[in-house]
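Numbering (the numbering used here), first residue to last: 228 to 698.
Hints listed in this document are in silico derivations from the structure and should not be mistaken for laboratory results.
Bear in mind that the values here come from a model prediction, so they are computed numbers and not experimental data.
Don't be surprised by glycine CBs; every beta carbon is placed ideally from N, CA and C.
Check each hint, because a few of them may be wrong.
As a list, the in silico DSS-like pairs of lysine-lysine whose alpha-carbon atoms are at most 30 Å apart [said to hold, decoys possible]:
hint, residue 1, residue 2
1, K435, K315
2, K521, K565
3, K435, K320
4, K267, K521
5, K242, K509
6, K471, K401
7, K618, K512
8, K267, K565
9, K410, K399
10, K638, K376
11, K512, K565
12, K521, K559
13, K397, K410
14, K598, K608
15, K598, K509
16, K638, K598
17, K461, K471
18, K399, K320
19, K461, K435
20, K608, K668
21, K410, K452
22, K410, K430
23, K242, K267
24, K430, K242
25, K393, K435
26, K461, K397
27, K608, K638
28, K397, K435
Label-pair distances were calculated between CB atoms; the ranges are [as the list claims (entries may be wrong)]:
hint, residue 1, residue 2, range
29, E422, M467, 18 to 26 Å
30, V506, G296, 50 to 58 Å
31, G678, V254, 53 to 61 Å
32, D646, D667, 17 to 25 Å
33, N642, D382, 32 to 40 Å
34, K461, D245, 16 to 24 Å
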Amino acid sequence: AVPYHAGLDAKTRVKHQDMFLMEDCDVVVATIAFGMGIDKPDVRFVIHHDIPKSIESYYQETGRAGRDGGEGHCLAYYSYKDIEKLEKFMSGKPVAEQEIGHALLQEVVAFAETSISRRKFILHYFGEEFDNETGEGGDLDDNVRNPKKQIEAQDQVVTLIDVVDKTNEKYKSKDLVNVIIGKENALINSHRTNEQPYFGIGKDHEDKYWMALIRQVLVAGFLRKDIETYGVLKTTETGMNFVKHPESFMMTEDHVFDETNDDGVITASKGGGAVADEVLMKMLKDLRKQNAKKLGVPPFVIFQDPSLEDMSLKYPITLDELSNVHGVGEGKAKKYGKDFINLIARYVEENDIERLDDLIVKSTGSNSSLKLYIIQNIDRKLPLDDIASAKGMNMSDFIKELEAIVYSGTKLNINYWIDEVLDEDQQEEIHEYFMESETDKIETALEEFDGDYDDEELRLYRIKFISEVAN
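Using the sequences and the hints given, assemble the complete structure.
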């Protein structure tokens, strides 16, 4: 690792920046000024030791990761003490500037503490909506991968919107929560809100509960923040319609980050871009680095990480095969490929690797990479749920991929997994059923066995059956 900050002279800063670009170092420990104009698409980690001052800053800084379409892991260390420190720094500034700075910081707090989809939160902040059905990347953050328990909050949402309306839309989130839980302050008393019948109407819940609900109601579009008044809450037509015709509203309580209470926050597990052969991947990266030094270019100019990942999945040993690898093409294959296919050929021979030639020729792109990834890891007898998790898939969708593979004529040996979920007698019973049945439809099998086996068990055994009997 090398440092990068204003205390270094210009020559050292340029040297350290070039070292990072040319992969002579893996990590730069830097102030936020680093990397603003750096053209390095394969940054894999952006780690914030201190929380940024605004969502805009966080979005810009984390946007340096994974620009090549590969993995980008973003980790932020957060403590409310950091927010208090930043607020203290603003104390000598003009009131209007303090108001803006405080509003921006509260959005950062909301982002850190929220338990809803962080992608959905950020898109809402910038005035966009996330489509749960077709939107990409909805499952890439810790909150979605490790969801907190949902609770019904229909009545509380009605109460919240009603109080915003009855207070004539004059309070920001924190003060509104004080009104709801019955906590007086100078602002509330000056408006005589403490004398109203709704003052303290929600004291059965803590302030953290109401803050979490406000954040989720904002994302749902039932309330909005007025930027001109530094975050005063306003009602919306959608929200008022909800009050008139209430429906179910499921919420999750925010994470609690403090020194005495750890609510067991789980960060996201390693996601979709894992490679099938990590040893080969490292060798390919080393070769890329050597060749880049010879040519005096950054390593990603030769082949980007997704291309190396695809090579470590497909084991191409000719230029034609290499040209079918993701992000390579005929030109790059001819220009840079010879050393790579020679290395892969040696590796394949030395390790007695059986190449999947038919799949290399037949298919390209991310979908075939997924299939090859699955095949390679099943060959290594990795647990099926681990393989599915590594690709961010639930078990049902993962089994669909397995079905597509075996129905295309490829054998999959999942006996090691079947033996864990079904005993010998059960396997024999299901095997006899499929041998004698006129259809392989799971619905028919479920009816036949009348609850003895579940959908997943029958689908998995059908994969074994097709592999062994049909293929």
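Taking the hints in turn, this is what the structure says about them:
Proposed proximity of K435 and K315 is supported: the alpha carbons are some 23 Å apart, at most 30 Å. The suggested pairing of K521 with K565 holds, with an alpha-carbon distance near 15 Å, which does not exceed 30 Å. Distance check on the hinted pair: K435 and K320 sit about 29 Å apart at the alpha-carbon level, within 30 Å; holds. A hinted pair counts as satisfied when its Cα atoms are at most 30 Å apart, and K267 with K521 qualifies at roughly 19 Å.
In summary, the hint linking K242 to K509 is supported, as the alpha carbons are separated by about 25 Å, within the 30 Å threshold. Taking the CA atoms of K471 and K401, the gap is near 25 Å; set against the 30 Å cutoff, the hint holds. Taking the CA atoms of K618 and K512, the gap is about 22 Å. The hint holds against a cut of 30 Å. Note on K267 and K565: the hinted pairing holds, with a Cα-Cα distance of about 25 Å set against a maximum of 30 Å.
For the suggested pair K410 and K399, the alpha carbons sit about 14 Å apart, so the restraint of at most 30 Å is met. Taken as a hint, the K638 and K376 pair is broken in the structure, with Cα atoms around 40 Å apart against an allowance of 30 Å. Between K512 and K565 the CA atoms are separated by roughly 15 Å; this keeps the pair inside 30 Å, and the hint holds. Restraint check for K521 and K559: the C-alpha separation of about 17 Å stays at or below 30 Å, so the hint holds.
With a CA separation close to 16 Å, the supplied pair K397 and K410 stays within the 30 Å bound. A hinted pair counts as satisfied when its Cα atoms are at most 30 Å apart, and K598 with K608 qualifies at roughly 15 Å. Between K598 and K509 the alpha-carbon distance is near 21 Å, which keeps this suggested pair within the 30 Å criterion. Taking the CA atoms of K638 and K598, the gap is about 12 Å. The hint holds against a cut of 30 Å.
This hinted pair checks out: K461 and K471 have alpha carbons roughly 17 Å apart, not beyond 30 Å. Note on K399 and K320: the hinted pairing holds, with a Cα-Cα distance of about 21 Å set against a maximum of 30 Å. Among the hinted pairs, K461 with K435 is consistent with the structure: their alpha-carbon atoms are about 20 Å apart, no more than 30 Å. Between K608 and K668 the CA atoms are separated by roughly 27 Å; this keeps the pair inside 30 Å, and the hint holds.
Taking the CA atoms of K410 and K452, the gap is about 22 Å. The hint holds against a cut of 30 Å. Among the hinted pairs, K410 with K430 is consistent with the structure: their alpha-carbon atoms are about 9 Å apart, no more than 30 Å. Between K242 and K267, the direct Cα distance comes to roughly 15 Å. Compliance with the 30 Å bound is thereby established for this hinted pair. About 59 Å separates the Cα atoms of K430 and K242, which puts this hinted pair outside 30 Å; it is violated.
Restraint check: the Cα-Cα separation between K393 and K435 comes to about 22 Å, which is no more than 30 Å; the hinted pair holds. Between K461 and K397 the alpha-carbon distance is near 8 Å, which keeps this suggested pair within the 30 Å criterion. Proximity of K608 to K638 is assessed by CA-CA distance (about 14 Å); at most 30 Å being required, the pair is judged to hold. Simply put, K397 and K435 have alpha-carbon atoms about 21 Å apart, close enough for the 30 Å limit, and the pair holds.
Under the hint 18 to 26 Å, the C-beta atoms of E422 and M467, about 25 Å apart, fit the expected range. In this structure the supplied range 50 to 58 Å is violated for V506 paired with G296, their Cβ-Cβ distance being about 23 Å. Roughly 55 Å separates the CB atoms of G678 and V254, a value that falls within the hinted 53 to 61 Å. A C-beta distance of roughly 21 Å is found between D646 and D667, which places it inside the suggested range of 17 to 25 Å.
A hinted range of 32 to 40 Å for the beta carbons of N642 and D382 is inconsistent with their spacing of about 53 Å. In this structure the hint that K461 and D245 lie 16 to 24 Å apart at CB is violated, the actual value being about 51 Å.
The structure shown violates the earlier hints numbered 10, 24, 30, 33, 34.
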